[in-house]
Amino acid sequence: MEGISIRGASSARNPTMGRIRRNALATTSVSDSGRVPTVGTKTIDVWRHFVHRRWNPDAQFLNLESMLNDPELAKHGLLPPGAPGSTVREASVIFKLASNLKPPVQTISLANNKISSGQILSTLAHYVPRLANLSLLNNDLRVWRDIDYLSGRKGKLEHLRELILTGNPLRELEVKNGRGDKYKSDMARRFPSLVMLDQEAIATIGFDAPGPSSGPVTEKRPTATSFPYEMKPSFITGVEDSIISNFLVRFFPLFDDQRAALLDAYHPSATFSFSVNTTIPARARIQGLHNQLPNQRKLEWSVWLNGGSRNLNRLGGGSGSDKAFSSLHLGSEAAIRAMSALPKTKHEISGSPEKFCIDAWPVGQGEDLKLFISLHGQFTEEPSRGIRSFNRAFILVPAPPGSRAKLNGWDMMILSDQMCVRAYSSHEAWRLGPMKVQAGDPLPSQQVSQQHASQAVPPVPQTLQDALTSFAEPQRGLILQVCQRTGLNVQFAVDCLQNNAWDLVRAIANFEQVKGALSRDAFL
Amino acid sequence: MASMDPAVVAKQFTEYYYLTFDTDRSQLAPLYRTTSMLTFEKDQILGVDAIVGKLTSLPFSKVRHNVSTIDAQPSISPGALIVSVTGYLLVDEESNPLSFSQVFQLVPEGSTYYVFNDMFRLNVG
Chain F
1 MEGISIRGAS
11 SARNPTMGRI
21 RRNALATTSV
31 SDSGRVPTVG
41 TKTIDVWRHF
51 VHRRWNPDAQ
61 FLNLESMLND
71 PELAKHGLLP
81 PGAPGSTVRE
91 ASVIFKLASN
101 LKPPVQTISL
111 ANNKISSGQI
121 LSTLAHYVPR
131 LANLSLLNND
141 LRVWRDIDYL
151 SGRKGKLEHL
161 RELILTGNPL
171 RELEVKNGRG
181 DKYKSDMARR
191 FPSLVMLDQE
201 AIATIGFDAP
211 GPSSGPVTEK
221 RPTATSFPYE
231 MKPSFITGVE
241 DSIISNFLVR
251 FFPLFDDQRA
261 ALLDAYHPSA
271 TFSFSVNTTI
281 PARARIQGLH
291 NQLPNQRKLE
301 WSVWLNGGSR
311 NLNRLGGGSG
321 SDKAFSSLHL
331 GSEAAIRAMS
341 ALPKTKHEIS
351 GSPEKFCIDA
361 WPVGQGEDLK
371 LFISLHGQFT
381 EEPSRGIRSF
391 NRAFILVPAP
401 PGSRAKLNGW
411 DMMILSDQMC
421 VRAYSSHEAW
431 RLGPMKVQAG
441 DPLPSQQVSQ
451 QHASQAVPPV
461 PQTLQDALTS
471 FAEPQRGLIL
481 QVCQRTGLNV
491 QFAVDCLQNN
501 AWDLVRAIAN
511 FEQVKGALSR
521 DAFL
Chain X
1 MASMDPAVVA
11 KQFTEYYYLT
21 FDTDRSQLAP
31 LYRTTSMLTF
41 EKDQILGVDA
51 IVGKLTSLPF
61 SKVRHNVSTI
71 DAQPSISPGA
81 LIVSVTGYLL
91 VDEESNPLSF
101 SQVFQLVPEG
111 STYYVFNDMF
121 RLNVG
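Quick mapping for you: the protein sequence lines, in order, are chains F and X. By my numbering, the letter at position 364 of the first sequence is numbered 364, and the numbering carries on one by one without gaps. By my numbering, the letter at position 77 of the second sequence is numbered 77, and the numbering carries on one by one without gaps.
FYI, nobody ran anything at the bench for these hints, they're computed from the structure. Errors might be hidden in some of the hints.
Looking from chain X toward chain F, a few residues come up when the C-beta cut is under 7 angstroms (computed) [claimed, not checked]:
{"hint": "1", "residue": "28"}
{"hint": "2", "residue": "63"}
{"hint": "3", "residue": "65"}
{"hint": "4", "residue": "66"}
{"hint": "5", "residue": "68"}
{"hint": "6", "residue": "69"}
{"hint": "7", "residue": "71"}
If we take Cβ atoms under 10 angstroms as the criterion, some of the chain X residues that face chain F in the derived model are [claimed, not checked]:
{"hint": "8", "residue": "19"}
{"hint": "9", "residue": "23"}
{"hint": "10", "residue": "70"}
{"hint": "11", "residue": "72"}
{"hint": "12", "residue": "75"}
{"hint": "13", "residue": "82"}
{"hint": "14", "residue": "83"}
{"hint": "15", "residue": "87"}
{"hint": "16", "residue": "111"}
{"hint": "17", "residue": "112"}
{"hint": "18", "residue": "114"}
{"hint": "19", "residue": "119"}
{"hint": "20", "residue": "121"}
Here chain X is said to cover these stretches of chain F; the calculated rule only asks that three of the stretch's residues, wherever they fall, bring their Cβ under 8 angstroms from a Cβ of chain X [to be verified]:
{"hint": "21", "stretch": "295-303"}
{"hint": "22", "stretch": "353-363"}
{"hint": "23", "stretch": "408-421"}
Values in this document were obtained by computation on a predicted structure and should not be read as measured data. Don't be surprised by glycine CBs; every beta carbon is placed ideally from N, CA and C.
Working from the sequences, and respecting the hints, build out all of it.
Right, dumping it as structure tokens:
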């Protein structure tokens with residue numbers, strides 16, 4: 001109720017505004033305590049009605065777009081933010097009402113409001129400090145100082161994940177003058193939590209191994225014992241992280257909200273199939289994940305099983321493969337048609353990268369770059385909002401110039417897409433270290449894993465592995481790639497890479513040029 | 001395994017692979033070549049000898065795989081296949097099953113197939 005931000009915003013130069021503000025707050029409290037309505041209270045009621053009408057609780061989305069065109073506000077002569085004569089007061093009333101919404105507001109769109117001063121928005125961070133997504137699309141913000149009212153050094157909007165400033169002179173001028181990258185990095189600095197800016201990924205996905213889990217569930221289970229093998233983090237070898245992250249950060253939001261738009265991303269002869277694993281994993285069962293999380297019981301397998309699940313394990317011998325074939329979808333249009341019939345999903349790949357495990361490496365022998373991506377993670381299924389886990393395997397190929405994919409901004413397109421949907425199990429499964437298994441007393445296998453940890457290399461007494469031990473990542477992975485794709489032995493693979501500045505593509509191309517002249521002892 | 005029906009190949013391959021793995025995993029050698037790559041968790045192991053060395057040195061003596069799902073698609077080179085498997089396994093006297101996922105890239109060679117890429121993860125929880 002103190003309205004600290006309001007006080008800060010209404011500067012001492014303008015005592016009138018301060019007085020108006022106090023009146024506004026007083027009116028609010030009168031209204032809240034249910035006294036006889038006054039003119040001010042009626043105004044508040046109009047605002048309240050407006051906010052509730054614009055509120056979508058399912059999406060936790062407050063739509064404050066095009067308020068100048070709102071007939072109800074016009075009828076009562078109210079001045080929404082962006083209207084001539086509107087001040088921080090009106091905006092503050094709206095944001096304060098927004099702060100009382102349940103469930104909490106995650107997304108606010110203030111698109112198309114002709115807002116020309118960031119000061120108007122200066123109380124947003126105070127009232128909705130945990131806002132995750134903010135659109136200011138098509139407004140009239142012109143200078144960085146406007147942004148200072150939203151961000152700054154005072155920890156404002158510390159949870160903001162997505163910001164849209166497209167269509168504001170500030171942003172458009174920066175981009176037009178070739179300062180797009182600087183604009184992006186400046187915004188990222190102002191909002192350290194930002195993942196998407198103007199509908200583009202601002203940072204690559206954090207592929208590094210997640211840190212120790214803060215989840216209390218595992219910590220309470222001291223009786224867990226270990227599978228005698230260490231879990232390892234995601235790995236990406238021989239390919240730029242950004243290629244993978246750009247693809248995934250674009251793919252999953254479209255898969256979630258606009259599957260038909262993915263037609264551009266699939267190769268015309270792409271293949272898509274999915275299968276369903278209904279088994280509840282042992283550890284998930286022990287933790288009670290299948291029935292303790294709020295919406296898990298509402299999940300139904302039937303929609304997946306009847307939707308063309310392709311599980312060849314249920315294939316009855318060689319002749320019964322018709323059904324399996326019918327659920328392998330050939331061609332981009334069939335792929336999109338099939339996935340459009342599947343339940344709506346929500347993958348938090350940008351917001352919670354630790355919930356995804358991504359392995360990627362180039363495949364293909366001597367030809368163009370093709371990428372294999374193996375992804376493990378989870379999504380929320382609509383409408384139940386229950387959680388499922390999944391594995392997904394993609395093969396990507398570079399989109400040729402002039403192709404439909406390339407024209408639509410996809411650098412890579414999908415040749416193959418396999419999805420396995422399964423019962424939810426926590427992402428702690430790919431936390432580093434020993435795999436935890438519930439099994440009564442602690443087992444001595446912990447010692448085994450400690451021994452493992454103390455060994456710098458896997459216990460494989462092979463000359464190839466020995467030869468590789470003197471190399472660290474990423475060189476080690478690159479050497480392996482060259483060995484696999486060319487058949488060269490380690491020594492020659494290292495030479496080849498060193499002569500090509502450790503660039504995998506160049507090294508392979510170089511090999512293709514000279515392979516005819518190499519003697520037998522160059523090879524494995 | 002001479003049939004070109006990818007579904008049947010995938011099914012026969014997985015049955016053979018896990019039966020062999022559970023019986024005597026050193027006998028998996030004929031499925032790999034010198035350019036085959038096994039990715040076991042994050043460790044990348046290249047070549048049939050190293051792969052079999054890795055598999056036989058895993059710290060358990062008995063193992064039983066139980067396959068839940070198999071999916072297969074044509075791969076990037078003619079006749080090749082991508083086979084995705086999920087299931088669970090039990091090691092030694094452990095009574096708690098562990099879920100795994102494994103992806104194979106199978107490449108045809110004469111009338112049979114070999115494993116070009118093999119990616120194993122115990123991370124399906």
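Hint check results:
1. 28: violated (15 angstroms)
2. 63: At about 11 angstroms, which exceeds the 7 angstroms cut-off, the nearest Cβ of chain F leaves the hint on residue 63 (chain X) violated.
3. 65: violated (12 angstroms)
4. 66: violated (9 angstroms)
5. 68: Hint on residue 68 (chain X): holds, closest Cβ of chain F at ~5 angstroms, below 7 angstroms.
6. 69: holds (4 angstroms)
7. 71: Holds, because the Cβ-Cβ distance from residue 71 (chain X) to chain F comes to roughly 5 angstroms (cut-off 7 angstroms).
8. 19: violated (14 angstroms)
9. 23: violated (19 angstroms)
10. 70: Residue 70 (chain X) check passes; min Cβ-Cβ to chain F is 4 angstroms, inside 10 angstroms.
11. 72: For residue 72 (chain X), the interface hint holds, since the closest Cβ of chain F sits about 6 angstroms away, which is under 10 angstroms.
12. 75: holds (7 angstroms)
13. 82: At 6 angstroms from the nearest chain F Cβ, residue 82 (chain X) passes the 10 angstroms test, so the hint holds.
14. 83: Where the cut-off is 10 angstroms and the nearest Cβ of chain F is about 9 angstroms from residue 83 (chain X), the hint holds.
15. 87: Holds, about 8 angstroms.
16. 111: violated (16 angstroms)
17. 112: violated (16 angstroms)
18. 114: violated (13 angstroms)
19. 119: holds (6 angstroms)
20. 121: Because about 7 angstroms separates residue 121 (chain X) from the closest Cβ in chain F, which is inside the 10 angstroms limit, the hint holds.
21. 295-303: violated (count 0)
22. 353-363: holds (count 4)
23. 408-421: holds (count 4)
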